[in-house]
Amino acid sequence: MDLMRHEDKRLITGTGKFSADWNFPGQCHVAVVRSVHAHARINRVDTSAAESTPGVLMVLTAADVTAARMSPIPSGPDIKGVGGQVISKGELPILAIDRVRFVGQPVAMVVAETANAAHDACEVVEVDYEVLPVVASVEQALQDDAVELHWNVDGNKPLVFESGDEAAVNQAFANAHKTSSITINSQRLYGAPMEPKAIVVNHDAARGVTVVHTPTQGMLGMRASLVAVTGIPAEQLEIVAQDVGGSFGLRGGPGPEHALLILAARRLQRPVKWVAQRSELFIGEWHGRGLTLAGSLALDKDNKITAIRFEDHANLGAYNCYFGGFIGTNNLSVTMGGAYQVPALYMRSTLVLTNTVPVSAYRGAGRPDIAFAIERLIDHAATEHGLDPVEFRRKNFIKKSAFPYTTANGSVYDCGDFHTVLDKALDLADYKNFSQRRQSALAADKLRGIGIGYYVEKSGAGGAPKDEVSCHFNADGTLTLHAVSGPSGQGHETAYAQIMGEGLGIDPQHINYQAGNPAQKLVGNGTGGSRSLYGTGSAFKNLIDIVIETATPFAARHLNVNAEDVAFSNGQFMGRNGAKGVSLIELAVGLYGSTGNTEKHPFDVSAETITGANYPNGCHIAEIEIDPETGVCEIVSYNAVDELGNVISPQMVQGQVHGGVVQGAGQAFSEAMIYDASGQLMTGSFMDYAMPRAGAVQSMVTDTYSVPTVLNELGSKGVGESGCSGSLPALSNAMMNALHHVGVGAMDMPYTPHRVWNHLQQAKLENTA
Amino acid sequence: MVASTASAAVGRGKMKTVSLQVNGRAASMEVEERTLLADALRDELGLTGTHIGCDTSQCGCCTLQMDGHTVKSCTVLALQAEGSAITTIEGLAPADNLHVVQKAFSNCHGLQCGFCTPGMIMATIELLGHTPDPTDDQIRQGLSGNLCRCTGYLNIEASVRAAAAELATQKASLPEPRTSVPGGRGRR
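Protein sequences, first through last, are from chains A and B.
Each residue of the first sequence is one higher than the last, beginning at 1 in my numbering.
Each residue of the second sequence is one higher than the last, beginning at 1 in my numbering.
It should be emphasised that the hints constitute simulated quantities derived from the structure, not laboratory data.
Do not take every clue at face value.
[Stated by the list, open to error] In silico EDC-like links for lysine to aspartate or glutamate, alpha-carbon gap of 16 Å or less:
#1 B/K16 x B/E44
#2 A/K521 x A/E235
#3 B/K14 x A/D120
#4 A/K17 x B/D43
#5 A/K304 x A/E391
#6 A/K9 x B/D96
#7 A/K399 x A/D423
#8 A/K304 x A/D388
#9 A/K178 x A/D302
Quantities reported herein were computed from a predicted structural model and do not represent experimental measurements.
The task is simple: from the sequences and hints, build the whole structure.
Below, the structure written as structure tokens:
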């Protein structure tokens, strides 16, 4: 049976193992008491009624966390800002101590014999809240008299960050022939992997090891953060994640619940299980985006861009968690010049705390947002000054001959060919005949628009010093690969097996992959920043040669020739004497157990690579039609040409592009996390938070173009997040193009029928007024 | 029963017995009245292929067949399934003989993380059962109760089309057409 991916068999038969699928004899269950107020002082938490509820084993409060000397959730890197100021952080405690700062913040946890009993008991945990003033938005949080969320964060501003040369940009604007400005809003989203967060902790007292089953992007990163939070030594913690139902950036590190379950399991000496309800994840899992970017550009008399400036605001939510601070600073700055040769760049961003769920990474983590902003700015300027958006881009693109290109604020784009990619996309989209299609649409009373999004994004450099991989040859002639990077749908098992299979001449079906096996003691990055293929994959590419080198002397002995007379090709070792060769696998099976230790085959070796970021880019072109009578928008054409360097698996790359583009379409047309002024979330379930369903994007033509990077052994660039970076600007530019054509100005996402209809009516009123 | 007294003592509500047929086998389980079918199958029978992705019946991950029709098993109380025949994702491919729809999802790369996949496959089987040659709109309608966050649906739609084509081919080539759509109650 030929299935497309190794992981498919178990996933299509229901025999995969997601975190909630783990059960252990004697396990108990937990439920979390969460704050119902956006901002309140906690005067008292009375757990007595809950503790006397039948089946309840324990109720944990902040006092237990303090007694266990747990640390807050990791608050991210110490980013420096204007004048060398270091970010000040409001840290999220495992359980709220004397104050809650967002609806959904964990206050207590009930442990009971059954999940139902735990949930029932949560209802009778009495929390005496004294409600405090709320700042639910950036505007409210920055007011002079706004309540401050944290004693150590002045004015709710953890940091004002800058990048680039402000004086040079000011000078360029002073000398500009014309300028253009636009503010875009990348609204708050919820990443919502389909597998709800689940944790099953089993403390193995005999080994002294606490085993945590939970969805994660990388077991080592998860463990390192749990070590930091719980103080438990790394060797006493094991993370198990067999199948992970999506991650999208939300699953890099633990939430408060992980620490609480560990505490409960060790204290009770029983397995403890928590399966989150989706509605509590809407208020209890990290949110994404939440950025406002105000961009301006300056043009000379030839319409060459002389400077770009951004003034950004990032809503971090109530606490600094994980990547929150990184998104609105570094990730917005690195590609702020987009695909353009811009002599002067300057951006300043203000990080702001509000009484909302903390924001961390969501697919792209700032890179789609800046790609969106820069490409909207380009289109807006073209529209404002009557320039052709294609020619305007061509004129200002960084030329192929200019690579490696150092941007005005210090990013080094290693390679690219933006003109060729643009041309390919224009062809694919039949751009030149758009006006005919617009006329046909008009005849059917539809407003049709076309939009280009040329994104450049920086895929992840990775936090680990290197990516290590290893392999183990099994008795049955199969090969097991090990690395750190944990999959959550990307197809690591298939891609790594393909790389090794091609290199070693082994059927990839006989190669399996294990992520994060602690016994391997490997160093490496988890999945994130679109880097698993080119980071871990490149290390596997290096492993091929090391396996062959290691096996060659054994092959020589087997073939009775000198090692230097052995050649390897298509999985076979051949001697120069023309005798019948031996396959690597035959050789390996014959040597199984020869070291006296079946765990250690003589061909078991490891390899590594050190690779930083690279710059995937591409051109997405969308066409949309608006029905002005209803405000309903339809994506009628979508074409994407992505420049990803060498592509290893075209089908899986296309899958990543599809998924990313449709997540972008979700943000563009339907998704938004909305708070009311009191900090209550108005979009707390899939009934209110409209994720795309089948048909959201009805067709998509994808193609790739390769300018291989020399920055990693595979010559590949990241693809995981580029779909969002391409689709946000392409879809939005298409929308604005359709509106502009009938004299209607720009609007913010999401372009829901109601909002679009209102926008059109408002424009009609203004035009007749 | 001793067991249920013990359960009550540790915080269970009133326990009842429900008897049903699951994937062709008789099964019986003790559940609280409020227990949902999805939870009962997962927790009492260990059939964890039926996934639970939300608590508002929006995501469709828990879709299965009850008496030949798909239901979201989070909208059915376990007690309501008394006497019915249930087919879950685990019951589709006895002895490794994959269902056409299962194969199509893999071949068309209609899954990435795979969490929504059991529900998607069950919904597809229902759709193709009553609409063997669906239009694109009918496919989207047939999947409208199921959310996927990874694939963007394009390859899921392709999987449905491929499965429909394959089923049609099989039907044409078999003298006595065997349905590949599990028939709920009538199933082995």
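Compare the structure with the hints numbered earlier in the document and write down the numbers of the violated ones, lowest to highest.
Those not satisfied: there are none.
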